[in-house]
Amino acid sequence: MPESVPSSLIIDAFKEIFQAERRGAKRQDPLGWIISVPDTHQKSVLAALDKERALRVLTCSTEDDANAVAAGLYITGEPVIVMIQHAGLFASVNTIRGISMDGRVPIFYMIGLLSREKDKDPKDSRHSMVRFAEPLLDVFSIPHARMEGPDDLHLISEYYRKSRERKGPAAVLVGLETA
Amino acid sequence: MMKPEEILKLIAAARGTAICVPTMTTAPAWRKIAPDDLSVGCVGFMGGASALGLGLALGAPARRVIVFDGDGSLLMQLGSLATIAGAAPRNLTHLLFKNGVYHTSGSQETPGGQGVDFAAMAKAAGYRNTYTIGTLDDFKKRLPGLLTEEGPILAQLMTGLAESTPMTAGPSTPFHQQVADLHAKVGGTR
Chain B
4 MPESVPSSLI IDAFKEIFQA ERRGAKRQDP LGWIISVPDT HQKSVLAALD KERALRVLTC
64 STEDDANAVA AGLYITGEPV IVMIQHAGLF ASVNTIRGIS MDGRVPIFYM IGLLSREKDK
124 DPKDSRHSMV RFAEPLLDVF SIPHARMEGP DDLHLISEYY RKSRERKGPA AVLVGLETA
Chain W
281 MMKPEEILKL IAAARGTAIC VPTMTTAPAW RKIAPDDLSV GCVGFMGGAS ALGLGLALGA
341 PARRVIVFDG DGSLLMQLGS LATIAGAAPR NLTHLLFKNG VYHTSGSQET PGGQGVDFAA
401 MAKAAGYRNT YTIGTLDDFK KRLPGLLTEE GPILAQLMTG LAESTPMTAG PSTPFHQQVA
461 DLHAKVGGTR
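Chains as they are written, first to last, in the numbering used here: chain B, 4 to 182; chain W, 281 to 470.
Calculated from the structure, these hints are not laboratory results.
These numbers were taken from a predicted model, which means no experiment stands behind them.
Just to be clear, a hint being listed does not mean it is correct.
Claimed, not checked - Here are some chain W residues the structure puts well away from chain B; computed CB gaps all over 12 Å:
(1) D316
(2) R370
(3) S387
(4) G440
(5) D461
Unchecked claim - Simulated restraints on C-beta separations:
(6) B:H130 <-> W:P424: 53 to 61 Å
(7) W:K289 <-> B:A51: 46 to 54 Å
(8) W:L441 <-> B:A51: 46 to 54 Å
(9) W:G366 <-> B:R56: 27 to 35 Å
(10) W:K312 <-> B:R129: 52 to 60 Å
(11) B:E6 <-> W:A404: 17 to 25 Å
(12) B:L12 <-> W:D418: 52 to 60 Å
(13) B:E6 <-> W:S452: 44 to 52 Å
Cβ atoms here follow ideal geometry from the backbone N, Cα and C, with glycine treated the same way.
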């Protein structure tokens, strides 16, 4: 059965990634960027990020903005993670294709599966937005994995790294609402 | 109406080390005027120039970033005005080339056409300053300020049509190559 992942563990995972990226860099402030269109599923993480001084959170009007901002930050050498919801994934597929895929811009996404039923595999969900998120990523050949509990935290750094290695998008789907 | 190419020539002469983000009909002309410089053109994701410029401006705060946006393009991501205003990058100059039409697809009028006031929208969103410029003489006078004034600022430039569009111009450097080139130039100097 899937479990909620505590926000503190997720933020620690973000920080570890950013610390590794910043090693030897002149610029250390902020440690890294979180580009977000607020996701109810990850609200505990967003609330905890508000208190983080080392990380800069930028809230965007749309996921299209978030993708483009993340690309600009990447070009200038800044470490960045994008936090959105499945609805935002659906809304911004052309921008993901145009920027991250065609532009070969490594962008790592944390995508919340809002309304995913705890006792169901997403493919059996009664909510289309839950059911179609992973198949959509498959259509675009975007590597993805689902974080189903604290034991899966390693996926965050693994898929961040994957986005860098393949120079393109990679995503971790947040299975249950974060704690 | 100003000619976009004349505006771009003036910018090329004055921009120094600024990063430029052309989109749509400014892209082919900018390639000719400034072929090998700190630029990345938006092709294939119409509407993204302003937000891409924002990311560049936040990531490279010591440089000026100049976005060459279009009215049809900005309408596709109008919320970026609020995103930019909220982030408040001091080094971002947002130039809006306003011709009132979708030139590339045959000059259909944009929604609202010339009646849409993007300068007023940007000001209301929270840009530090906005301008509307209708003549090349006025643009020449204001250009030094546009490149140095604390941002974010938007200048709505009343222009005619560009001589070429991405569809009529020859092939350009692929977007991924432009990204890689600019990343190599500015991504390692942080």
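Going down the list of hints, with the structure as the test:
no. : hint                          : result
1   : D316                          : holds (17 Å)
2   : R370                          : holds (15 Å)
3   : S387                          : holds (23 Å)
4   : G440                          : holds (28 Å)
5   : D461                          : violated (10 Å)
6   : B:H130 <-> W:P424: 53 to 61 Å : holds (55 Å)
7   : W:K289 <-> B:A51: 46 to 54 Å  : holds (50 Å)
8   : W:L441 <-> B:A51: 46 to 54 Å  : holds (51 Å)
9   : W:G366 <-> B:R56: 27 to 35 Å  : violated (19 Å)
10  : W:K312 <-> B:R129: 52 to 60 Å : holds (55 Å)
11  : B:E6 <-> W:A404: 17 to 25 Å   : violated (45 Å)
12  : B:L12 <-> W:D418: 52 to 60 Å  : holds (56 Å)
13  : B:E6 <-> W:S452: 44 to 52 Å   : holds (49 Å)
The structure fails to meet hints 5, 9 and 11 from the earlier list, while all remaining hints are met.
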